[in-house]
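A.B. asks: Add chain B to chain A, keeping to what the hints say.
Protein chains: 2
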Amino acid sequence: MARKTSLIPKAPVGRILMNCGAKRVSADAIDTFVDVMTDIAEQISEQAVRIAKHSGRKTVQEGDIKLAAK
Amino acid sequence: MARKTSLIPKAPVGRILMNCGAKRVSADAIDTFVDVMTDIAEQISEQAVRIAKHSGRKTVQEGDIKLAAK
Numbered sequence: 003m004a005r006k007t008s009l010i011p012k013a014p015v016g017r018i019l020m021n022c023g024a025k026r027v028s029a030d031a032i033d034t035f036v037d038v039m040t041d042i043a044e045q046i047s048e049q050a051v052r053i054a055k056h057s058g059r060k061t062v063q064e065g066d067i068k069l070a071a072k
Numbered sequence: 003m004a005r006k007t008s009l010i011p012k013a014p015v016g017r018i019l020m021n022c023g024a025k026r027v028s029a030d031a032i033d034t035f036v037d038v039m040t041d042i043a044e045q046i047s048e049q050a051v052r053i054a055k056h057s058g059r060k061t062v063q064e065g066d067i068k069l070a071a072k
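Chains as they are written, first to last, in my numbering: chain A, 3 to 72; chain B, 3 to 72.
For reference, chain A alone in the conformation it holds in the complex (with noise of 0.2 angstroms):
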């Protein structure tokens, strides 16, 4: 996967899985796990921007998340 220039953080995501019923969790699945999720931020990001973009505006807005997550 290519180099991202911000990250979701390992710390949280790793809680998450623990508090999701996770008894053990290896390292490569934590850093699978980052790379998904950075995937996925960028992903809404990109769409998010676009929407507001098409709406004249330069702020990205509560609603512009909304509609690009869905």
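Worth double-checking, as some hints may not be accurate.
If several chains are the same, the list does not tell them apart, and a pair holds so long as it fits within one copy or across any two.
Stated by the list, open to error - In silico BS3-like links for lysine-lysine, alpha-carbon gap of 27 angstroms or less:
1) 55 - 68
2) 12 - 72
3) 12 - 68
4) 72 - 25
5) 55 - 25
6) 25 - 68
7) 60 - 72
8) 55 - 72
I should point out that these hints are in silico values taken from the structure, not numbers from a laboratory.
C.D. replies: Just chain B, lined up with the frame of chain A:
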């Protein structure tokens, strides 16, 4: 949205949004993005834990995350 025990943090989510071309972002947009990303992380986590258990493992592995994210 229900109170979460662990959240994806605001700062990296905001940075990814800016890296994807956002000029400005409202505070509500960041909060909503945190909720959306946390929900997604929980859904993938729950599914990955189910997949690991189904495979007779206590350790969540890389492949479980990949399959859960599909």
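A.B. asks: Take the hints in turn and mark each one as holding or not.
C.D. replies: Each hint tested on the structure:
1. 55 - 68: within (15 angstroms within a copy, 33 angstroms between copies)
2. 12 - 72: For residue 12 and residue 72, the Cα distance is within 27 angstroms both inside one copy (25 angstroms) and across copies (20 angstroms).
3. 12 - 68: both (24 angstroms within a copy, 16 angstroms between copies)
4. 72 - 25: between (31 angstroms within a copy, 22 angstroms between copies)
5. 55 - 25: Only across copies: residue 55 and residue 25 sit 10 angstroms apart there, 44 angstroms inside one copy, limit 27 angstroms.
6. 25 - 68: between (32 angstroms within a copy, 18 angstroms between copies)
7. 60 - 72: within (21 angstroms within a copy, 33 angstroms between copies)
8. 55 - 72: This pair counts as within: shortest intra-copy Cα distance 18 angstroms, inter-copy 29 angstroms.
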